[in-house]
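Could you use the hints to bring the two separately framed chains together as a complex?
Just so you know, the protein sequences line up as chains V and G, in that order.
Count along the first sequence from 1, add 57, and you get the number used in our numbering.
Count along the second sequence from 1, add 69, and you get the number used in our numbering.
Check before you lean on any hint, since a few could be wrong.
[Said to hold, decoys possible] Some, not all, of what chain V presents toward chain G, calculated at C-beta under 10 Å:
hint, residue
1, 129
2, 153
3, 209
Think of the hints as simulated: they come from the structure by calculation, not from any bench.
C-beta atoms are modelled at their ideal positions from N, C-alpha and C, and glycine is treated no differently.
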Amino acid sequence: MIELRGVTYRYAGATRDALRDVSLSVGPRQFHAVLGPNGSGKTTLVRVALGALVSSSGTAQIDGKSARDWSRQDLARVIGVVPQREDNLFPQRVRETVLLGRYPHLTLWGAERTQDQEAVDRALRACDAAHLSDRWLWTLSGGEYQRVRLARALAQEPQLLVLDEPAMSLDLKHQMELFELVRGLVDRQGLGVLMITHDLNLAARFADSLLLLAEGRPVAAGAPAHVLTQETVQTVFAWPVAMQTIDGRPQMIPLRKREESRA
Amino acid sequence: MRWTLLIVFAIVALLASVVMGPAAVPLSELLHSDIVWNLRVPRALLALLVGGSLGVAGAGLQALVRNPLADPFLLGLSGGAGLGAVLAIALHVSGPWALPIAAFVGALAALGLVYRLGLIGGAALDPRILLLGGVAIGAFAAAVTTAIVSLADAAELRNAFLWLWGGLSGASWDTVLIIAVYAPIPLVVLFAASRPLDLLALGEESAGYLGADVERVKRRVYLAASLLTAAAVAVSGVIGFVGLVVPHIARLTWGHRHRVLLPAAFLGGGALLAFSDTLARTVVAPRELPVGVVTALIGVPVFALLLRRWT
Chain V
58 MIELRGVTYR YAGATRDALR DVSLSVGPRQ FHAVLGPNGS GKTTLVRVAL
108 GALVSSSGTA QIDGKSARDW SRQDLARVIG VVPQREDNLF PQRVRETVLL
158 GRYPHLTLWG AERTQDQEAV DRALRACDAA HLSDRWLWTL SGGEYQRVRL
208 ARALAQEPQL LVLDEPAMSL DLKHQMELFE LVRGLVDRQG LGVLMITHDL
258 NLAARFADSL LLLAEGRPVA AGAPAHVLTQ ETVQTVFAWP VAMQTIDGRP
308 QMIPLRKREE SRA
Chain G
70 MRWTLLIVFA IVALLASVVM GPAAVPLSEL LHSDIVWNLR VPRALLALLV
120 GGSLGVAGAG LQALVRNPLA DPFLLGLSGG AGLGAVLAIA LHVSGPWALP
170 IAAFVGALAA LGLVYRLGLI GGAALDPRIL LLGGVAIGAF AAAVTTAIVS
220 LADAAELRNA FLWLWGGLSG ASWDTVLIIA VYAPIPLVVL FAASRPLDLL
270 ALGEESAGYL GADVERVKRR VYLAASLLTA AAVAVSGVIG FVGLVVPHIA
320 RLTWGHRHRV LLPAAFLGGG ALLAFSDTLA RTVVAPRELP VGVVTALIGV
370 PVFALLLRRW T
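Next comes chain G alone, as it looks inside the complex (with noise of 0.2 Å):
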C-alpha cells in the first residue's frame, strides 16, 4: 500500500513534468515536440537522479553523524560548490560546463578537507567533528565567496548565484548520462551498507560488537553520500531540504531499516523533485521559481503531518 502510493506518486510527477510547463504542447503532438524531448524528458529523469540522490544521501548521512538535523549540505559541501562557481566566474573560465566543474571541484575540496578534519583524532573517523568540521569549512567557504563578490564586478557574479540556487534550468541529455552514470556508484555504496548502518544507531562499540567494521562503513557511508551529493549540487545547485526532510519522511512511513528506508528515500526524493520542479516552471509562468522554494513548502506541511505519529 505505502509503496503503491509512492510509485503512483513517482509516475504521476513525472507524467506531470512531462506534460506541463509554460510552452502550451497539444496531448496528441506529445511524443513529437522538441521541447518535449529535449527540455522536459530530461529535466524530469535529472530530477529523479538528483532528487533521489539527496534523498538517499541524507539518509544516509542522519545515521553517520547520529543527528537527525543533518542534511547533506549540512557538510560544508554547498560552500565549497558556491566557492567553485564563484571562482570561475571571477577569474572568466568560460565554456558550457565551467560552472558545474568549477562547482563540483569546490564541493570535493570542501569534502576532503572536513573528511581530512573528521581524523583529526588519530585514525578513527569522528562523526561529531565531521558535522562541526562540516559547518565551519562551510562557513569559511561562504566567507572567502562573500569577499570575492564584494571585490568583484557584482553583474557577472549574478549568474553564480543564480546559478547555485537555480535549479534544474541546467538540464539536458547530456547532463542526465553523466549523473546517470555517475550516481550508481555511490548509491550502490550506500545500499550496501543498509545493514551496517543498522547497526550504527546503536552506537560504534555495539556495532562492532555485533559485527560491523565500524570505522570501514563510516568512511565509505560519508564519501559516498558526500560524492553523491557533489554531483547533484553540480548540475543543480544547492536545493534544499529534500535531503533533510524526505528521509524523515521515509523513517515515519517505513520504519528506520535502510535496507526499506534507502529506496524509498531515493524513489521519494526523486518524485519530490520532479513535482517541485514542474510546480516552479508552471505556477508563476513565464518566470520561475526556484526550486528549493517549493520543496520546502511541500515537504514541511507533510512532514508536519506524519509528526503526528511520533507522538
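For reference, chain V alone in the conformation it holds in the complex (with noise of 0.2 Å):
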C-alpha cells in the first residue's frame, strides 16, 4: 500500500530538511506507529506519504503508482485519514458527519444509496457508535467524538488507515479502549494502519513495527523490542529512562533526574 523510500522534504525557506532519507513500508493487516519528539517531522511524513506535500528526492507511492498522481477522490475510497485537528463550522449530529465519509463513493448528482447508509451502520458498530448517531457533535466526549471521527475514515470503506494523535488527550480507559478498536480493525477487518503518536507505552504495546524519527531522520525501526531501548529513547528524547517488559514489549519508565544520578 504505502511505500515510502530515502523521502527527503524541506518546507519553502526552511533552513533544514524536516525529513531526510526516510522509507516506510505499510501494507494490509500490519499496524506500524511513526514515534518522535515534537516537530521530528512525523505528521510531514504522512503528508508526504499521501501527496499533500512533494518530496524533493525519494519516491511516496501508494499501490505502486506516485501518491501525487492519485485523484483525490480515488485516494479517498484506499485510504482513509483521520487528522490531528478538524474544525466544525456548522453544528452537525453523529450520523450526518459519518455519511460525509462516504463522499467518495457518490456521482456528483446521485443520492445516498442503501448501501452508503449500511456502510456507515457498519462503521458505526465497529467503533461502537451506534448509539451516538443522532447525538450533536458537541455533546461527545473526548473519547467518544474521536470514535465518531474514526467510524468517518471507516464508512469510506479504506483499505488502510492513517491516525494522527487519534489518542491525544484522552484518559486512559479511553486510550486504552481506542487502540484496542484499532488493533481489532487490523486484525479482524485486515486494515493496514499507519498512526502517529506519542505513546512510546501504547505504540510498544499494539503495534507489529515502530519507526522512530528525531529531527526529520529515522533513527530505528523495526519491531518494538528492536527500537525502543533504553539507549535510543534516553538520546532521541533528552530524558533518563527505565524500560521494562511487559507481555514481551518494551514498557518505558520516565525517571527523575536524582534517580538516574543514584542510579
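Put into C-alpha cells, the structure is as follows:
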C-alpha cells in the first residue's frame, strides 16, 4: 500500500530538512506506529506519504503509483485519514458527519444509496458508536468524538487507515479502548494502519512495527523490542528512562533526574 | 412540511406581487392588463431570480470563507458596481443599458482584483485573504466613488445613487430574459459543489482526505457566487440582507447539507425578495421604499425568532 523510499522534504524557507532519507512500508494487516519528539517530522511524513506534499528526493507511492498522481477522490476510497485537528464550522449530528465519509463513493448528482447507509451503520457499530448516531457532535466526550471520527474514516471503506495522534488528550480507559479498537480492525478486518503517536508505551504494546524519528531522520525502525531500547529512547527524547518488559513488549518509565544520578 | 410551507410562501409572494400594486387593476382584468404583463409579471420573476441568486451565493460564500457573517456584497462587489455606475454617469455614457453594464463591469473588476489578492500567498486560494481583500477593495472603490461624486455635478449623480439602492424598478422582460439565461450557469456550478462544500466545513485538510479537490472547489464557488452577485447588482442594485439572512434561515430550518440548503436558499431568497418588493411598492404608494429596507425589516425578526432554536 504505502511505500516511502529515501524521502527527503524541506519546507520552503526552512534551513533544515523536515525529513531526511526516510523509508517506510505499510501493507494490509499491519499496524505501524511513527514515534518521535515534537517537530521530528511525523506529520510531514504522513503528508508526503499521502501526496499532500511532494518530496524533494526519494519516492512516495501508494499501490505502486506515485502518491501525487492519485486523484483525491480515488485516494479517499483506499485510504481513510483521521487528522489531528479538524474544525466544525456548522453544528452537525454524528450520523451526518459519518455519512461524509461516503463522499468518495458518490456520484456528482446521485443521492446516497442503501449501501451507503449500510456502510455508515457498519462503521458506527465497528467503533461502538451506533448509540451516538443522533447526538450533536458538540455534546460528545473526547473519547466518543474520536470514535466518531474513526467511524467516518471507516465509512470510506478504505484498505488503510492513517491516524494522527488519535488518543491525544484521552484518559486511560478511552486511550486503551481506542488502541484495542484499532488493533481489532487490523486483526479482524485486515486493515493496514499507520499511526502517529506520542505514546511510546501504547505503540509498543499494540503496533507490529515502529519507526522512530528525530529531527526528520530515522533513528530506528522495526519490531518494538528492537526500536525502544533504553539507550535510543534516552538519546532521542533527551531524558533518562528505565525500560521494562510486559507481554514481551518494551515499556518505558521516565526517571526523575535525581534517580538517574543515584543509579 | 417545511418544503410545503416554503413553496406556498413562494407562490403567495409571486401572486401578491402580480395582483397588488399602486395602480388598481380589477381581478377580472388581470390577465389582459398591460400593467400586469409588462410591469408586474417581469418584476415578480426578476425578484425571484435575483433573490434566489443572492440566497445561493450567500450560502456558498459563507461556507467558503468560513464566516457566517459573509454576505455576497462583503467581497467588494457592491463597491465595484457602484464605482462602475458612477463612472458611467460622470463620463456621460448614455443608453438604456449603460448603467447595468457599467455596474456589471465594475463588479467584475472588483471580483478579478479580489481573486488575484486571494492567490497572493501562492497557488492556493486563501479564503481569509478573499474576505479581507474584498473588504479592502470595496472600501477603496467607495473612496474613489466618493471622490468622483464630490468633484462632479451632484444632480446628475443622484441617478447613480438612486439606481444603486433602487431595487427592482428597472425590471422588464429583457432583464428577466438576460438573467434567466445567465444565472443558471453559476447556479448549476454551485449546486454541483454541494457535497464538497459540506466537506469544506471540516477544514481544507480533512476535506481533501475525504476526497474533495479543495482548490478546484474553492475557485469554482468563489467565481460562481461572485458572478451571480455581479449580475444581481447590475440589474437591481445592492439589495442587502437576502444573501446574509436567507442562508441562515435555511440552515436553521433544513440543516447544513448543501444539497438541501442551496435549493431552499434559492426559493427562500426569491420568495422573500418578491414579497418585500410588493410591500415596498404598495405600503407607501405612490412612493416606493428601497426594497433593501423591507428585506431587512422582514428578514431580521424572522432570523431572531429562529435563533432561539440554536440555544
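Handout entry: Minimum beta-carbon distance criterion (10 Å), residue 129 of chain V to chain G
Key = Holds. Min distance 5 Å.
Problem - Status of the residue 153 of chain V interface restraint (C-beta, 10 Å, chain G) - result: Holds: closest Cβ of chain G sits about 7 Å from residue 153 of chain V, inside 10 Å.
Practice task
Please verify that hint: residue 209 of chain V, Cβ, nearest Cβ of chain G, below 10 Å or not.
Solution key: holds (8 Å)
Hint check: no violations occur; every hint is consistent with the structure.
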